[in-house]
Each structure stands twice: as structure tokens, then as C-alpha cells.
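Visitor: Here's the letter readout for the chains.
Protein chains: 4
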Amino acid sequence: LPASETRSTVDRLKKLRLITAVKTPYLANGKFDLPAYDALVSRQIEKGVEGLIVGGTTGEGHLMSWDEHVMLIAHTVNAFGDKIAVIGNTGSNSTREALHATEQGFAVGMHASLQINPYYGKTSKAGLLNHFNAVLNEGPAIVYNVPGRTGQDIPDDVVLDICSHSNFLGMKECTGNPRIKNYTSKGVNCWSGNDDESHDARHTAGAVGVISVTSNVIPGLMHGLMAAPDAATNASLKELFSWLFCEPNPIALNTALAMCGLVRPVFRLPYVPLSRAQREKGAALLTAVQEHIPGCTGVRVMEDHEFILVGRH
Amino acid sequence: LPASETRSTVDRLKKLRLITAVKTPYLANGKFDLPAYDALVSRQIEKGVEGLIVGGTTGEGHLMSWDEHVMLIAHTVNAFGDKIAVIGNTGSNSTREALHATEQGFAVGMHASLQINPYYGKTSKAGLLNHFNAVLNEGPAIVYNVPGRTGQDIPDDVVLDICSHSNFLGMKECTGNPRIKNYTSKGVNCWSGNDDESHDARHTAGAVGVISVTSNVIPGLMHGLMAAPDAATNASLKELFSWLFCEPNPIALNTALAMCGLVRPVFRLPYVPLSRAQREKGAALLTAVQEHIPGCTGVRVMEDHEFILVGRH
Amino acid sequence: LPASETRSTVDRLKKLRLITAVKTPYLANGKFDLPAYDALVSRQIEKGVEGLIVGGTTGEGHLMSWDEHVMLIAHTVNAFGDKIAVIGNTGSNSTREALHATEQGFAVGMHASLQINPYYGKTSKAGLLNHFNAVLNEGPAIVYNVPGRTGQDIPDDVVLDICSHSNFLGMKECTGNPRIKNYTSKGVNCWSGNDDESHDARHTAGAVGVISVTSNVIPGLMHGLMAAPDAATNASLKELFSWLFCEPNPIALNTALAMCGLVRPVFRLPYVPLSRAQREKGAALLTAVQEHIPGCTGVRVMEDHEFILVGRH
Amino acid sequence: LPASETRSTVDRLKKLRLITAVKTPYLANGKFDLPAYDALVSRQIEKGVEGLIVGGTTGEGHLMSWDEHVMLIAHTVNAFGDKIAVIGNTGSNSTREALHATEQGFAVGMHASLQINPYYGKTSKAGLLNHFNAVLNEGPAIVYNVPGRTGQDIPDDVVLDICSHSNFLGMKECTGNPRIKNYTSKGVNCWSGNDDESHDARHTAGAVGVISVTSNVIPGLMHGLMAAPDAATNASLKELFSWLFCEPNPIALNTALAMCGLVRPVFRLPYVPLSRAQREKGAALLTAVQEHIPGCTGVRVMEDHEFILVGRH
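So the sequence lines, in the order shown, correspond to chains A, B, C and D.
Numbering-wise (this note's numbering), the first sequence opens with residue 1 and increments by one.
Numbering-wise (this note's numbering), the second sequence opens with residue 1 and increments by one.
Numbering-wise (this note's numbering), the third sequence opens with residue 1 and increments by one.
Numbering-wise (this note's numbering), the fourth sequence opens with residue 1 and increments by one.
Keep in mind that the hints were calculated from the coordinates and are not lab data.
Worth double-checking, as some hints may not be accurate.
Below, a list of computed lysine-lysine pairs in the PhoX-like style, where the Cα atoms sit at most 20 Å apart [claimed, not checked]: (1) A:Lys15 - A:Lys47; (2) B:Lys15 - B:Lys181; (3) A:Lys83 - A:Lys14; (4) B:Lys125 - A:Lys281; (5) D:Lys281 - C:Lys125; (6) D:Lys181 - D:Lys14; (7) C:Lys31 - B:Lys31; (8) C:Lys186 - C:Lys15; (9) B:Lys15 - B:Lys83; (10) B:Lys181 - B:Lys14; (11) C:Lys83 - C:Lys47; (12) A:Lys31 - D:Lys31; (13) A:Lys15 - A:Lys83; (14) C:Lys15 - C:Lys47; (15) A:Lys14 - A:Lys181; (16) B:Lys281 - A:Lys125; (17) C:Lys281 - D:Lys125; (18) A:Lys181 - A:Lys15.
Because the structure is a prediction, the values reported are computed rather than measured.
Make a model of the complete structure from these sequences and hints.
Guide: Rendered as C-alpha cells:
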């Protein structure tokens with residue numbers, strides 16, 4: 001792209017307020033259920049979602065082969081790229097894989113990438129800088145800090161270094177609003193990565209918005225929370241936020257969307273459904289907001305035998 | 001294999017005292033340097049190492065494609081399988097990938113696998129049980145707990161459940177000797193995953209031995225520490241142990257073996273060498289034990305420009 | 001897609017007259033040169049080409065990994081899919097690979113696939129029917145018969161069987177115009193796969209058009225040959241057609257486009273440039289039509305040392 | 001390996017008389033059936049077979065992913081490498097893939113590779129030389145000429161050029177005994193690739209032996225034909241040879257081994273079983289030599305519904 005076009009893309013992407021880390025639905029054989037995916041995405045767009053993370057941790061990118069991951073990005077660009085920003089989670093703990101996937105993602109038209117620090121393998125500060133600069137050179141990117149998953153916090157000085165890269169869009173920060181406030185006070189663009197903190201992140205800590213899990217279920221309400229301060233609605237969702245993270249995400253989300261009839265009840269291992277007791281609690285919470293769940297004509301507590309677990313696909 | 005043979009394999013593997021998480025050396029283009037690898041492994045065998053983790057976190061399995069990972073396991077079995085136990089790190093945070101790699105590893109003759117819990121993606125207890133039982137069904141396995149990398153501790157009750165599987169060899173436990181003592185008191189076989197605690201783990205906490213990083217450098221000394229209590233030698237190595245983990249492993253090990261002249265100074269990103277100051281400190285520590293570093297004819301502080309960083313290979 | 005939309009797509013695709021089996025240009029490291037590719041495609045569109053075969057034998061799909069092949073299809077759809085029909089060569093001699101690639105190609109928006117019979121491995125008539133029906137079920141497809149490459153002619157009775165499939169678009173037939181005439185007389189849609197016979201195929205043997213190699217170089221002239229009978233122009237191109245196939249395609253085409261300055265002179269092995277003598281002959285032929293080669297500002301006989309041969313990429 | 005060892009390996013491999021292009025048996029899900037494979041190989045060894053082509057066209061290497069292909073080579077080396085020469089079919093029509101697979105095959109211990117010319121894509125003489133020299137540099141190799149599959153005969157002058165490479169073991173030649181006689185008269189080592197001509201190839205045309213399909217079924221008889229002239233036995237097998245190639249190999253072989261009860265009746269598409277009539281004819285021929293089919297306790301004409309066809313695995 002010409003530099004001016006890249007510049008305007010970067011500026012536009014930096015202002016996205018509601019980005020959904022979109023669920024990847026599966027067929028019974030464990031392959032992608034593209035019609036169900038398209039229906040999910042269409043409803044997201046209708047309800048005001050401005051961007052998608054494709055194959056994020058919520059979308060289970062770590063359970064995809066790279067060819068199906070890039071295919072899903074390409075599919076999303078082709079079907080919806082003129083209506084919503086498509087951000088591919090092409091990060092990896094291997095710099096080689098991150099570079100290859102990011103390059104492919106941009107080649108098929110994604111607007112930006114999401115870049116994680118090297119989880120599990122970890123590296124030194126010098127290694128972090130090397131890794132992030134390499135992937136930022138490929139195109140616009142959001143950098144993702146979630147030490148509860150990666151085993152390694154991205155230190156402030158690394159963030160303050162890479163934020164000057166012309167392709168840096170901002171941080172997806174999961175360590176809380178004080179950290180976000182500190183970053184935004186220094187001019188570092190931020191999205192909250194925690195739904196329960198996102199209202200305050202946006203309205204008091206300077207975050208531009210949220211990269212949300214909950215918006216898979218109630219996109220319109222999340223859109224409202226980002227559009228204007230609304231402490232009452234935010235408070236009313238507290239239990240739902242909490243339930244959606246009662247087990248490592250996306251276990252509850254997967255269970256929720258199945259119980260809402262919006263995706264087939266298929267889990268790629270190592271994810272398995274919530275327990276019966278957790279499902280009952282969730283069904284009650286979902287029923288309470290059912291009118292805000294687009295496409296949902298009823299919430300049902302499902303039985304163990306209805307879920308399909310796929311270990312090989 | 002017939003059940004009796006599997007049984008005797010399991011019994012033999014449970015008694016390995018010194019297992020090295022072996023370094024994977026690279027050529028300048030980032031591909032495996034098999035002659036250097038073979039030399040490393042031969043010296044390990046000469047100095048009393050009884051088992052190898054191939055493609056562990058130390059061996060940078062997370063930076064390998066699966067085809068080169070399985071190839072390295074097969075190569076090791078073919079070249080050394082009659083002299084040393086070959087344990088392939090065929091775990092993954094994707095159950096599908098773990099099953100496929102583990103199946104392939106056993107097909108090419110590895111003796112056991114190393115199985116991590118699903119890092120980064122994480123899962124529920126029910127998901128952990130599902131994952132571990134699936135991979136244990138493939139053959140003998142050591143289960144690896146390292147929450148500082150995975151972002152999720154494997155809970156005691158999960159360990160006490162899966163330890164009754166006939167293919168369970170024991171835990172590689174990195175959370176300290178009190179935990180190990182608790183496990184071994186309940187009959188759960190354990191290896192220490194921390195070199196600095198391994199002497200005490202073996203001689204006072206009931207661990208059978210260690211899965212060691214340091215033994216890449218000084219296999220004979222580590223063999224001695226496992227063979228009999230030797231508090232003096234253990235104390236003398238304290239600084240070396242500490243230096244080897246001054247940055248996320250295997251950064252210091254990679255730097256050390258290059259400075260000892262045992263591998264080419266090639267790093268796959270996101271790993272980069274230690275800083276000049278760290279290298280100087282390490283060179284002094286290594287020189288002090290040089291007579292115990294097999295194959296080493298001199299330790300040299302290397303310069304930045306001598307190292308090769310590979311982002312695409 | 002809804003059935004009516006598929007129907008109209010099929011009807012539209014059946015009428016394409018000039019389809020280019022587009023060249024894939026490379027960077028010096030052997031990766032795709034997407035800017036050069038985009039320039040080529042843009043010029044094709046300007047000169048009236050109506051469809052592209054992406055990753056055909058001309059585009060060296062057999063030298064691509066599937067992930068880069070599907071990526072190139074997705075890229076083409078995203079960048080040009082509203083202006084030209086994108087036909088991915090997602091066939092394979094392995095039914096599994098053909099199904100997987102074809103499924104992915106349609107998921108990223110390609111309009112149709114090109115399907116070869118199982119070359120090299122070959123199979124029985126019953127196997128051919130099984131293979132073609134499987135891939136035709138995935139979406140609209142052109143079936144490609146080129147026994148000089150595959151080692152096995154697709155028999156007439158197999159063609160007459162599969163042509164009734166609702167996704168069958170027609171044959172790309174390379175065995176000559178009498179065969180095409182026989183097929184079209186029976187209502188089987190056909191494209192000529194031989195540039196030198198394509199004028200007559202279209203105007204006397206009932207073919208709808210051509211899938212062309214030569215149109216990479218002179219798209220406007222080939223468009224003219226398809227638009228209306230023009231025996232004089234056709235005759236004038238005889239030597240150029242002949243030269244373009246003096247070695248197995250795309251050796252001459254690759255050499256030609258490099259000598260015209262339209263692609264970097266990079267060859268993926270086992271392809272190597274034409275000899276110096278062949279290049280001289282070609283340069284003369286190309287110079288004679290230079291005004292019809294879009295983007296070409298001069299034809300130059302290149303030297304051996306200017307070409308880059310890539311064995312590993 | 002040291003040069004002297006390579007030299008002696010090459011000399012030994014050049015003298016192999018009976019090499020089987022071994023069948024790959026499958027489970028019902030299309031994955032490898034390793035126990036059935038091991039049983040087949042064990043019987044081959046018992047009956048005097050001296051070498052194996054692993055994943056040849058008979059073994060359906062073209063229907064394998066490379067990771068399973070290299071895994072099968074590694075498995076064979078590990079289980080049988082001290083009793084039989086293991087020759088991996090690591091050739092490809094892509095030089096890059098051939099180099100990668102050949103390198104991996106040697107890394108896991110295979111003794112030699114089988115190298116095809118670039119089928120389907122084809123190339124010029126200069127390209128052939130470039131391709132063959134690249135793969136011969138990796139280690140000992142047999143070069144395979146089968147224009148009926150590849151669409152391109154390897155010209156005599158190319159053979160006479162590459163035969164001087166120190167890793168060249170000989171030709172697997174399928175174009176008939178006059179060609180073999182010409183080659184052997186010039187000192188080019190040859191194996192016949194046609195079972196029906198192999199007796200004469202060895203005893204009158206100078207071939208060292210055969211790379212055989214039929215020896216999967218009757219290894220002892222084929223061993224006899226190679227050991228000493230035996231025109232009567234050779235004549236008696238004429239109909240069986242003919243039947244085994246009544247459809248593109250390995251269709252009849254797959255059907256035969258299933259009807260002999262030696263492999264599960266599973267076909268990877270595009271292969272499908274012979275027709276009922278062909279099966280009846282084959283069953284009669286197989287019954288006539290049943291005492292020479294190791295492991296076979298009865299031949300049975302199977303029904304259509306008993307066969308499993310696998311399109312995705």
C-alpha cells in the first residue's frame with residue numbers, strides 16, 4: 001500500500017471502540033461451520049461491532065492449523081471486509097510462524113494483526129523487542145498483554161519502546177485499568193481485554209474501547225457501554241461477565257452460544273463444556289438478557305450427552 | 001508392544017535418574033545441525049546421562065515444525081536409541097496436535113513422551129483430565145508442570161487422578177521440593193525440573209532424579225549429584241545454576257554452549273544471546289568448571305557480531 | 001450459496017472466452033512477488049481477459065505449498081474478484097488434497113476450481129468417476145485433460161458421465177480440435193488448452209474459448225482471436241506460439257516475462273531458463289509484438305548470470 | 001558418514017537383487033496400519049527380499065502427507081533397518097520438496113532414496129540435470145524412469161550424465177529390456193521396473209534385479225526368479241503379472257492383499273477396488289499360488305460392500 005493509505009488505515013483502526021474476539025463455530029467433525037460463523041458475524045455487524053479478532057484465544061486460533069487460520073481470515077475479509085475491520089490473530093511464540101502467518105494474513109487482505117509476546121517459551125527483553133519489531137514491520141498491529149496466559153508480562157519499557165513504531169495500533173491490555181491509565185497518560189493507545197473492566201477503562205482510564213468476549217453474546221449492550229457511560233447497565237452485567245470467565249475462556253462462551261442455539265455444541269479438545277451446575281447458572285443469566293442476544297429464540301440447559309468433543313479433526 | 005514389554009519399559013523408565021533436556025543446535029541457515037547434535041548426545045551418554053528430552057522447551061520444540069520435531073526424535077532413536085532413553089516432547093496445547101505428534105513419535109520408536117498441560121489456551125479440570133488421558137493412552141509419558149510458562153498450575157487432584165494410568169511415568173515438577181515431597185509421599189513418581197533444587201529433591205524429597213538443563217554443559221557433575229548426596233559440589237554450582245536461568249531458558253544455555261565452542265552461535269528468534277555483561281559473567285563461571293565440560297577446549301566471551309539470529313528458516 | 005445464485009454463476013462462468021493461466025512471479029528468495037503479480041493481473045483485466053487460473057501448471061501450483069496456493073487464490077479474490085473470474089487450480093492426484101484445497105478455495109471466495117485427473121498415480125475409470133464426483137460436489141469446476149502431463153487420458157465416457165453434474169463447467173481439452181468438436185457436438189462445453197489451436201477451436205470446433213498461456217504476454221491479441229475470426233493474426237502468431245512451448249511450459253513464458261522486464265528473473269527449480277540461443281530467438285519474436293505486451297518498455301536478451309534459481313524457499 | 005562408509009554402502013546397495021515396492025496398509029480411518037505393515041515386511045524379509053521402496057507409487061507415497069511419509073521411513077528403519085535396505089521414495093516434481101524429504105529421510109536413517117523426474121510439471125534437459133544433481137548430492141539414490149506415469153521420458157544422455165555421480169546407484173527402468181541392455185552395456189546399473197520382464201532383464205539384459213510389485217504377494221517366487229534362470233516358473237506367472245497390472249498399479253495389488261486377508265480392505269481415493277469380475281479372475285490366480293503367499297490362509301472373492309473408500313483422512 002502507499003504510505004498515505006497505510007497511515008489513514010492506522011488512524012482509522014486506532015479508533016475502533018468495540019472489537020469482538022469472535023467465536024469459531026464447528027461442525028460435528030470438528031471442521032469450521034462457516035454458515036454459522038457468517039451468521040454470527042452478520043449479527044455482530046448489525047449490532048454495531050466495528051472490528052473482529054479472527055482466531056484469537058476466544059476463537060481458538062491455537063487449536064487451528066495455520067492453513068485453516070489464514071483461510072478463516074481470508075474468508076472473513078472476502079465476505080465482510082468492507083463492513084468491519086478484520087484483525088487476524090497471527091501472532092505466535094515462534095517468530096518464524098508469526099512472520100509467516102502475518103505476511104499471509106496481510107496478503108489476503110486483513111486490516112491488522114494481533115501480536116502476542118512469545119508465550120510458554122518466553123524470552124528476554126532484547127528478544128521481545130526483536131520479535132515485536134519484526135512482526136510490526138509486516139503491517140498494522142495490536143500488541144496483546146495477558147500474563148495469566150503467557151507466563152510473562154510485557155514490561156512497560158518494552159511497550160514504551162515499540163509504541164513509536166508506525167504500525168503500532170495500541171495495546172490489548174489485560175492487567176487492569178491502572179496500567180491502562182498509565183499507558184494512555186503517556187499517549188499509548190489501549191483496549192481493555194477484560195469485559196468487566198472495560199466500561200471504566202473506556203470512560204475513566206483513557207482506553208479507546210474493548211476487545212470483547214461478551215460481545216459475541218450481547219453485542220448491542222457492549223456497544224452501548226462503549227458509546228457512553230452507563231454505570232447501571234454495566235453493574236447489571238456483572239454476574240454475566242463473571243460467569244463467562246468461571247473457567248478459562250472460551251469454555252463458558254462456547255457453552256453459552258450452544259445453549260442459545262447459535263452454534264452446534266461441538267468442542268475441540270482440550271476444551272469441554274461447563275458442568276451441569278455451571279450450565280444452569282449460565283442459562284438463567286442468559287435468559288435474563290435474551291432479548292439482547294441477536295438470533296436467539298430461546299436458551300436451554302443442555303445435557304452432557306448433547307455435546308460433541310473432538311480430539312482429532 | 002505386548003503388555004509385558006510395555007510394563008517392563010515403564011518400570012525401567014521410572015528409574016531414570018539423570019535426563020537431559022537436550023539443546024538443539026542449528027546451522028547458520030537455522031536448520032538443525034545434526035553432526036553437532038550427535039556430538040552433544042554422544043558426550044551425554046559417555047558421562048552417564050540416562051535419558052534425553054528431545055525438542056523440550058530447552059531444545060526449543062516450540063520453534064520447530066512438527067515434521068522436523070518428529071524427524072529429530074526419529075534420528076535420535078535411530079542413532080542412539082539402544083544407549084539412552086529417548087523421550088519426545090510431543091505435548092501441545094492442542095489435543096489434536098499432541099495426539100498426532102505422540103502417535104508419530106511412538107511410531108518412530110521413542111520410548112516415552114513428555115506431556116505439558118495446555119499452555120496459553122488453558123482449560124478446566126475436566127478438560128485437563130480429558131487431555132491427559134487421551135495422550136497417556138498413546139504410550140508411556142512424563143507429565144510436566146511448569147506454571148511459570150503455562151499460566152496454569154496442574155492441580156494436585158488432577159495429578160492424583162492421572163497417576164494411576166498404566167502409562168504414567170511421573171511428574172516433571174517445577175514448583176519446588178515441598179510439592180515433590182507431598183507427591184512422592186503419596187507414591188507419585190517425580191523428577192525435579194529445577195537444577196538448583198534437584199540435589200535436595202532427589203536426596204531428601206523422594207524424587208527419582210532430575211530433568212536437567214545444566215547437564216547439557218556438565219553432565220558428569222550432574223550425574224554425581226544424582227548418584228549420591230554431595231552438598232559441597234551442589235553448593236559450588238549455585239552460581240552457575242543461577243546464571244543459566246538469568247533469562248528465560250534456553251537463552252543462557254545457548255549462549256554458554258556457543259562460548260564453549262560446542263555449537264554454532266545461531267539463535268532462532270525470539271531467542272537472542274545474553275548481553276555482553278551477562279556473557280562475561282558466564283564465561284568466568286564456565287571456565288571454572290571447564291574440565292567438566294566434555295568436548296570443550298576453551299571458553300571465550302563472544303562478541304555481538306558473532307551471533308546469527310534467524311527469523312525465517 | 002442459494003441454488004439460484006450458484007446456477008447463475010455456473011451459467012456465467014461457462015461463457016468465459018479468454019481465461020489466462022496466470023504466471024506466478026517470485027522474489028529473489030523464491031517467495032511470491034505480489035506487487036508484480038498484481039501488476040500482471042491488472043494488465044490482464046485492462047486487455048479484456050475474463051478469467052484467471054491461479055496456480056495452474058503455468059502458475060506452478062505444483063511447486064507451491066497448499067497454504068501459499070490458497071493464500072494466492074484468496075489474495076486474487078480480494079484484490080480482483082469483482083473484476084475477473086478467479087478459478088483456483090485446486091486439483092491434485094490425491095483426492096484428499098483436492099477436496100481439502102477445493103473446500104478452502106471456495107471458502108476464500110474463488111468462483112470455480114480447475115480439476116485434473118490423478119496424474120502420475122493414475123487410477124481406473126471407476127476411480128476417475130469417484131474422484132471427479134467428489135470434487136465437483138464442492139462447487140463449479142473445469143475439468144482438465146492433458147495426457148502429455150498426466151500419463152492418462154480422461155476417456156470420453158468418463159467425460160460424458162461427469163458433464164451432467166450441475167457444477168460441471170466444461171473441459172479444458174489439450175488433445176486437439178477433433179476431440180473438442182466431438183464433445184461440443186454432444187453439448188459438452190469446452191475450452192482449448194492449446195494456444196496454437198485455440199482460434200480454430202473457438203471458431204470452427206465449437207469451443208467457448210481458450211485457457212491461454214500466451215495471453216500472459218499478449219492478452220489483447222488473444223482477446224481479439226477469441227472475439228472474432230482472424231486467420232491472419234492467428235497465422236502471424238504461429239512462431240510465437242511454437243516458441244512458447246519449445247520446452248515444457250512455463251519455461252519459455254518465465255523467460256519471456258523476465259526478458260520483457262515484467263517479472264524478476266527468478267526460477268523455482270526444477271525450472272531453469274531457456275538456453276541463450278532460445279532466448280535470442282524469443283527476444284526477436286517478442287520484440288515484433290512488443291506494442292501488444294502491456295507494461296513492456298523493451299525486450300532484452302538476458303545473460304545466464306542474471307537468472308536466479310531457487311531450490312529451497 | 002565418512003566417505004569410505006558411504007562408498008561401501010553404495011557398493012552394497014548396487015547389488016540388491018530383489019527390492020519390493022512395499023504396499024502401505026490402512027486402518028478403516030485411512031491412517032497407516034502399522035501392525036499390518038510390520039507383518040508384511042517381516043514376511044518379505046523371511047522370504048529373501050533384500051530391499052524395500054517405502055512410499056513408492058505402489059506404497060502410495062503420492063497420497064501421503066510428507067510428515068507421515070517420513071514417519072513411515074523412520075519407522076521402517078527403526079524396526080527393520082538392520083535386516084533390509086530401506087529406500088525411501090523421497091522424490092517429487094518439486095525440487096524443494098524432494099530436497100526437504102530426502103534430507104529428512106537420510107536424517108532418520110534411510111539407506112537410499114528413489115528419485116523420479118519431475119512428473120506432470122516436467123522440465124527441460126537442463127532442468128532435469130539440475131534437479132537430479134541436487135537430490136543426488138543428498139545421498140545414495142536410484143533414479144526412476146516411468147514415462148507412462150510421468151509424461152516425460154528421461155533421455156539417455158541425461159542418464160549417462162548423472163550416472164557418474166558418486167551417489168548414483170542405478171536406474172529403475174520401466175521402458176523395456178532393450179533400453180536396459182543398452183544401459184548395462186555402458187556400465188549403468190539397472191533394475192527392471194516391470195515384473196513380467198524382470199526375469200529376462202536380470203538373466204539376459206544385464207539388470208542387477210527387479211523393483212517388484214508382485215513380490216508383495218509371492219516374495220519367495222520372485223526371489224527364485226532373480227536367483228537363477230527359471231523360464232518355466234516365469235512363464236507360469238505370466239497371467240498373474242498381467243492381472244496385477246490390469247488397472248493402474250496398485251489397484252490390483254491392494255485388492256489382492258485384501259482378498260488374501262493380509263490387509264484391511266481400505267482404499268485411499270482415487271484408488272478403488274477392481275470390479276467383481278476382475279476380482280474373481282484374480283482370486284483364481286492367487287489361489288493357484290496360495291502356498292507361496294506368506295501369511296495367507298485362504299483367498300476369498302470379496303464383495304463391494306466390504307471395501308472401505310477413504311476420501312478424507
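Visitor: So which of those numbered hints doesn't the model satisfy?
Guide: none
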